[in-house]
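In order, the protein sequence lines correspond to chains A and B.
Residue 1393 in our numbering sits at position 135 of the first sequence, with consecutive numbering throughout.
Residue 167 in our numbering sits at position 166 of the second sequence, with consecutive numbering throughout.
These are computed hints drawn from the structure, not numbers from a lab.
Hints should not be assumed to be uniformly reliable.
Calculated lysine-lysine pairs in the DSBU-like style (CA-CA distance at most 35 Å, straight line) [to be verified]:
no., chain 1, residue 1, chain 2, residue 2
1, B, K125, A, K1394
2, B, K319, A, K1346
3, B, K214, B, K319
4, B, K214, B, K125
5, B, K37, A, K1394
6, B, K125, B, K319
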Amino acid sequence: MSDNVVDLPIVGTKKNALEVVTVGTKSARVKRRLTSRTATVVSLVIAILWTLPTFGLFVSSFRPAGLITTTGWWTILQNPGFTLDNYKEVLLSTSQSSPQLGAYFVNSLAIAIPATIFPLVIASMAAYAFAWIKFKGSGALFVLVFALQIVPLQLALIPLLQMFTAILKPGQEALHQLIPMIPAQNYLPVWIAHTIFALPLAIFLLHNFISEIPSEVIEAARVDGASHGQVFFRIVLPLAVPALASFAIFQFLWVWNDLLVALIFSGGTPDVAPLTQRLAELTGTRGQDWQRLTAAAFVSLIVPLIVFFSLQRYFVRGLLAGSTKG
Amino acid sequence: MTTADLLGKIIQVVGALAAFALVIGLLLFLIDRAPKRGRDYWQLTFFIAPALLLLLAGLIYPAFRTSLLAFTNSSGAYVGAENFVWMFTQPAALITLGNTLIWVVVVPTISTAIGLGYAVFIDKSRGEKYFKALVFMPMAISFVGAGIIWRFIYDYKSGGSDQIGLLNQIVVWLGGQPVQWLQTSPINTFLLIIVMIWIQTGFAMVILSAAIKGVPTEQIEAAELDGTNAWQRFTNVTIPGIRGSLVVVITTISIATLKVFDIVRTMTAGNFNTSVIANEMYTQAFRAGEQGRGAALAIVLFLMVLPIVIYNVRIMRKQREIR
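The following block holds chain A by itself, in its conformation from the complex (with noise of 0.2 Å):
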């Protein structure tokens, strides 16, 4: 499978990193043992320190109210209980002072579906265009889009807000007068933000898979009649799938992690704002409830752990490539 692997610019990314089997003989194993007693025990405890914060929370999310804090979780076993109540306060109860996790969970899954199908689909058509459309400048402007990369996020939050406010708004509105179920604050700013945000690493590479299909292939497409369209929804699409797959996942992530980019466009409301900003309000106004902090945390934990042990070698692979974004 690692000639399919999205082509990343970083060396050893073929290999699959977390996925490497052990080899060697018994006996090599044996040996390594014993001569590295010390290296075992280090990275044990490493591995204990690490996974550690993460455990505790999780077990105190499950312990009543009383007991998460007035008691260390490492006493689980002296003042033992277990109740599902954190959970269900965050989530579904309704008075005004609980977290009503619930449509914030909706939002971030609303926010971030879009969030990702938006920019894949625009990247892999530019890409395509990049890579298989013969125009004067395409190389000058690719290195254009390139070089955006390094564009950090900040420097567009505050003239993007202003265009918002002044273009997207009466749209909004319009469309809340419309349908007055969607509210006139609704998900459309944070999409195109984010949309905006992802392109130039997109696009990039999503290039390099794409222009890495055999010429033969759309060559014959193309003398046989196709359209750039044909092409591009026939062969391009379904041959780029693993690059696609890699580049949503990372996308999808880091949208459901994302805190600034929220803060700034959603207008904080339980309309459009994500998990992550309620949580970062609950810290600030409610940072000593740890019964709905813990219970609240990993409800937004949830999705990502999901994603991290389901797909890791996709994960891995979207990292890679996304790490210098933003």
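Once you have looked at the hints, place chain B on chain A.
Using the frame of chain A, we list chain B on its own:
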């Protein structure tokens, strides 16, 4: 959340996706039926224009605007370099710059060192896959989530009562007095840095581990036959073999560190002398209404990131050419 709200949200998402698909499909239909003369031109426009227009309106133009904003004050009047003078003279702003420097020195160094050591120790050991997954897992967690996880570790309860934060409990076990960690400068900055190290070490480990496996075994065996010990083999064979990846890891983590925002925002909101540039930029521009200062901070951030990114990109391109 009422059912009507949920329905409204579903309508938004489905509607947007449908509208998007419709526009793309319609355009595609039209360009295939464009007049023969100039059809290639229309097709090219269809494929490339959406991306270019978005980039122009959403990234290039705003970046220029920000550069101009940096020379204005909160009411929009031109003030020359005043915002930059403010940044390099006000004690609070100087602390922000200093903190950013501490972050960008400490985080890449320590996470790369631990990641490399860990990668070497678990290389070819039993259960390597699980060892890796454990340390790599924080990478999937949002900075906000990580912020909450670690705030819990640093939690403080006054003297007599039981501690629920692990760090203070350890201090108490060792016979000390509990500390309000996040309010105590300058140690709080380092405690925030630990969170970033916790996240980035997994990244360093995964890439360096892949690189270590790329070092030819013949070289290592040859060195072994020459009677070298493990440390000598590590410094003289392994390190030179993975130099390229080391550079990529360090520069990548440096860039991420310079832009760190969420951790500081969730854990201290930049109070108690812990602010960094990205957080201060947000505070000034979107909380204090000082857009000029925010823009100036964004530009300083850009200038700090710029050389690292260029260097990183050059290394990546060079490696692509070699392959």
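Hint by hint, here is what the structure shows:
no.: 1; hint: K125(B) - K1394(A); result: violated, 52 Å
no.: 2; hint: K319(B) - K1346(A); result: violated, 53 Å
no.: 3; hint: K214(B) - K319(B); result: holds, 21 Å
no.: 4; hint: K214(B) - K125(B); result: holds, 9 Å
no.: 5; hint: K37(B) - K1394(A); result: holds, 20 Å
no.: 6; hint: K125(B) - K319(B); result: holds, 29 Å
Checked against the numbered hints given earlier, the structure breaks hints 1, 2 and satisfies all the rest.
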